[in-house]
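Heads up: the sequence shown is residues 56 to 266, going by our numbering.
Just so you know, these hints were derived from the structure itself, not from any lab.
Using N, Cα and C, we set each Cβ at its ideal position, and we do this for glycine too.
A few of these clues could be false.
As the list claims (entries may be wrong) - Simulated restraints on C-beta separations:
id : residue 1 : residue 2 : range
1  : A120      : P169      : 34 to 44 Å
2  : P58       : E253      : 42 to 52 Å
3  : W212      : K172      : 50 to 60 Å
4  : G110      : E253      : 34 to 44 Å
Stated by the list, open to error - Derived DSS-like pairs (lysine-lysine); straight-line CA-CA distance at most 30 Å:
id : residue 1 : residue 2
5  : K166      : K82
6  : K254      : K166
7  : K254      : K172
8  : K172      : K241
9  : K229      : K82
10 : K82       : K241
11 : K107      : K229
12 : K254      : K107
13 : K254      : K229
14 : K241      : K166
15 : K229      : K241
16 : K82       : K172
17 : K107      : K82
18 : K241      : K254
19 : K166      : K229
20 : K172      : K229
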Amino acid sequence: AAPSPRQWLAGLLIGAWGLRLGLHIAKRAAAEGEDARYARLRQDWGRGFQAKMFGFLMLQAGAAAFLSLSVLVGGRNPAPGLTLQDVLAALIFIGALLGEGVADRQLAAFKRDPANKGRVCDVGLWAWSRHPNYFFEWLGWCAWPIFAIGLSGDWLWGWLALTGPAYMYWLLTKVSGVPLLEAHMKRSRPDAFAAYVEKTPSAFFPRPPRR
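Using the sequences and the accompanying hints, generate a full structural model.
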């Protein structure tokens, strides 16, 4: 059978997400070289770095496969046509994609300014959350349950889409996102990071900065 309008929309959105993320990572790697977090792992793991990194990356691949379940279930919702619920989900996803892009650009511009050497980015969205890019990444995954879960409750498989944002939140706030990056900032810029935490107390969800 031909793809449904919902499947076309899901494919377009996840394709745009993948393209933006891939270009961002490639540009950052070309400008900055090895990620500081991986450099720290290389130092900590010593001779076993390559084998451990392979296992680490395979775990990430497994996580990506698990996350894709939300996208698959969202696209497979059997409800005919596109509904206002689909429009809402698409708007949330697009807004999250734009928000993450803005956060990434603000951080890149901050790093390019020589006057900011040794400082922690605290401008724009980064004044509201210490990790606005992670927040918007998570917000984008919140769109897939809206695509997937029918208000009628007829399609129970749709509830599986809730695993995506739940798992992404756990990864970003407890495992590989916020903890690793903040540990690196505490080591490399302890005073600047402490001042940043005082000004921007929220590590994830945006809230007004302290004056």
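Hint compliance check: list the failing hint numbers for this structure, sorted ascending. Violated hint: only 12; rest satisfied.
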